[in-house]
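Make a model of the complete structure from these sequences and hints.
Protein chains in written order, with this note's numbering: chain A, 1 to 188; chain B, 1 to 328; chain C, 1 to 441.
Don't take each hint at face value.
Only pairs whose alpha carbons sit at most 20 Å apart, straight line, appear in this in silico DMTMM-like list of lysine to aspartate or glutamate [unchecked claim]:
#, chain 1, residue 1, chain 2, residue 2
1, B, K140, B, E165
2, B, K21, C, D365
3, B, K202, B, E273
4, B, K232, B, E39
5, B, K21, B, E47
6, B, K202, C, D365
7, B, K21, C, E171
8, B, K21, C, D366
9, B, K21, C, D401
10, B, K27, B, E250
Please keep in mind that the hints were generated in silico from the structure rather than gathered at the bench.
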Amino acid sequence: MNSAAGSSTDGAGRPRPNRYVQLVRAAIRYWALAGGLIVVGLVLLTAGSAISNLIWNRPIPGDYELTKHFIAIAIFTFLPYCQLTGANVTVDIFTEGMGLRARSAMLAFASVFAIVFALVLLRQMSLGFEDYLRYPETTATLGLPLWTAFPPMLVSLLLLLAAAVITAIEGWRGFRGGRPGDAAPVAD
Amino acid sequence: ASAFAQDAEFTLKLHHFLGPKAPAQTKMMEPWIKSIEEESGGRIKIEIYPSMSLGGAPPQLFRQVADGVVDIVWTVNGYTPNLFPREEVFELPTVFNGDIVATNLAMRDMFDAYLSDDFKDVHVLFLHVHAGQALQMTEKAVHHPTDLEGLKLRVPGPTGNAVVEALGATPVTMPVPDLPQALSTNVVDGALIPWEIIPALKLQDVTKYDIEGPDNQRFGTTTFQVTMNKAKWESLPNDLKEVFDRNSGEEWLREVGKVWRDSDNAGIKIAVEAGNEHIVLTAEEMAEFDAALGPVVDRWVEERSAEGIDALALVEAARAAIAKHSSK
Amino acid sequence: MDASFATGIAGLVVLLTLIAIRVPIAYTMILVGVVGTSLQSGPSIVLYQLKDLAYAQFSIYDLSVLPMFILMGGLASRCGLSRDLFRAANAWLGRFNGGVAMAAVAACGGFGAVCGSSTATASTMGQVALPELRRYRYSPALATGTIAAGGTLGILIPPSVVLIVYAIIVEANVVTLFAAALLPGILAVIMFLLTVAIYVRVAPGAGPRGEPVSRGEFVSATVAVFPVFVIFAIVVGGIYGGLYNPTPAGAIGVFLVAIYGFARRRLSIRDSIEALLETARTSGMIFLILLGAALLSIFMSRAGVPQAVAELLQGSGLGPFAILALVIVIFIVLGMLMDSLSMIILAIPFFWPVIVDLDFGMPVDDLKIWFGIVALIVVELGLITPPVGLNVFIINAQAPDIPMRQTFKGVMPFFASEIVRVVLLVAFPAVSLWLPHLLRG
Ligand code: NA
Ligand code: NA
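This is how it looks when you write it as structure tokens:
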């Protein structure tokens, strides 16, 4: 489940990276890092609650529901980064054995799935957001409204769409030009 | 029912969260469905999808039926906190008096005048409660509210939270399947949950004391709904609507009460046979609990009133309606 | 055969075809699930579900443990624990024939105790042990095969990401499964060590002995692995002892590894950011597959496919153990094509309903555990079998001069050893059930 497909491709031989694309890439990376920080926050919350429970016999109120709420948000922030760095393709190690053009075609093909998925989910989850505003369900202990998860999830889907468009273009270019079409890792 | 399957005019999907062998399915939903299918002369067929097999998590059930993803659901109202603010009154300790049938009937009586606003987006077939939250403790025999101070108790939902806090204990939320492990490893000292769950989770192996009030009095309960998608309901011809109504009326609610009472009794029987002590509080002891739990109702009234609901009237009407049916 | 069921079977064929032509498995499952359900009952139903299905599917407390353990493993990979483990294991075992390979196996086992993923274990240990194995002129097959196989200990020895996912699918208790995996994990280490010993006996020269170490090095190397034991004891021991749930245990693990890494100045902020991004990639991938599985299972259960599989196998007249053997063979074949996690997520919902209705002379709770451990070892096999063996690829990528065929050849003896282990665990359920029963009291 690791970066076997993440063979790094430096800029050599590629068209000069578009400034806006670079900006979107950076945004996606920082967005995933923000999700990572949510996980760190949950680490502190759950570990703190467990230790408080052991020592003072009192868990932190609402730790359970906060974990449920924020883990969903965090996972959504990861999805665009997964798409951009090719994490989802890793099941598919066979591509190593394929030519560059075939690999690029695969990337473009798979990116189309991701684009459709992001578009459909963006539309449906916007409707879902309205539903959660209309039926204002809350968490049990702290009364935190569940709709609060939707804005960050919708932003994540927008970025997923952007990521999929980027990988689709890369795949297409690679296919046309025979250059490596792997979603280039943005980790520097 | 399969003999009718070919000819059914209306095939309805019923979705719920328990397994196919749970008494809620075998003793409640299946007989109800069978009767409806037969009375409809085979024009209605209801397919049961247990264990969330049509997708989603249990809190999604209400939205699924409201949206028409499924046609009928059986679900716990407390799974979606805040969505049924009026119906919640029946979950409150001291309002729920341990009489399942009386509470089922009270909810039916009060539906049009008091509760229907909670269910605007669905058609309610029937509402019911389970036998009520009892205390199941690992090490501590409980006779007074003070016995619970500083202990940790697993709670079933928002109302349970308030109950446990009012008793000076700490509420802990966890999925039901994790309960046996949590009890056996002292993550919690007990749970607020009915007897009916005992066989499924083998709670008799991890608890020693089972505590309830006299005459099955409990510390609040859980309310359930069986609801149909509104558009689907509207699409049924009147004679078929009547089939549903006839099979979901007073007689049926009494039967539902009996089903839940029987499975609750079966649960405590297993615990007692396994050597657990079944503590039935005296009237005086229960009065201590009721006194401690009074503020739960007051606070509920205060919070719901702030939302523009006439919560005090709800409490009074619920108490009166339950009393009316209890005395019969 | 009704239309819905036919759609279900067609969906399954499309699914396997798309996977075979290398479409990402998560999107394949999502596509087949959504299109299939739409064909059954119109698109509106599934579109309604999508309004909050992804949210519902991700907002599950038990799943929050996954990013915790992934992050813990990511940090552990970056703070030199693997180096300490290998050094200690080498001090103990290096002097024997094949000793450096044995040390690699033992270190993989030790790393598995703080890392929940096999590929992470393989790649981390590969970076440490592969150069050493080559320095001592181990045969390329043995050198790479050992680590590829040893890496599988990452998911067998608790904590284990795959076990967590299995527990969620069959609604089993993660704690019990972690307990059940401990003895089979230790058994696996012992059998892998024996495999190396036999290997170097059959092929002398494939694994020369290493240099004996000085007494001082022996002591200091041994002392250096102490933190690994402490972390394992606090995290997994705390779970076994019921001090906390797996999610807080994972959180405490992250905390401990981070403290260790920062205190020893082995972990930089940059490393931590990389670990977070790795957690993002891995968790995102897993959750997307879980979402795909949820959509696929809506389609499949409406079509009645799992029920039909169960009826087919139950009506086959085969006994319980013959059906189990058949299921294991199917898993091994699927494992050749898929990674372990996708396989668990895809296949268990079809085969668990079959297994649960068979009489193996044990209660359902025990059956969940026992079958889970057997399934875990079988999917482990998938990591080292051709044509798609993830661990083999990872190790091979670290030694580009060694032909892939050599690595696959090198893992074969370990593959045989795993088959023997599967048979042992099927024949003696006590190996997996003893500790859970003990903990349950
Ligand atoms: Na592990
Ligand atoms: Na494989």
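Hints and how they fare:
no.	hint	verdict
1	B:K140 - B:E165	holds (18 Å)
2	B:K21 - C:D365	holds (16 Å)
3	B:K202 - B:E273	holds (12 Å)
4	B:K232 - B:E39	holds (19 Å)
5	B:K21 - B:E47	holds (15 Å)
6	B:K202 - C:D365	holds (11 Å)
7	B:K21 - C:E171	holds (15 Å)
8	B:K21 - C:D366	holds (19 Å)
9	B:K21 - C:D401	violated (58 Å)
10	B:K27 - B:E250	holds (17 Å)
Of the numbered hints stated above, the single one contradicted by the structure is hint 9.
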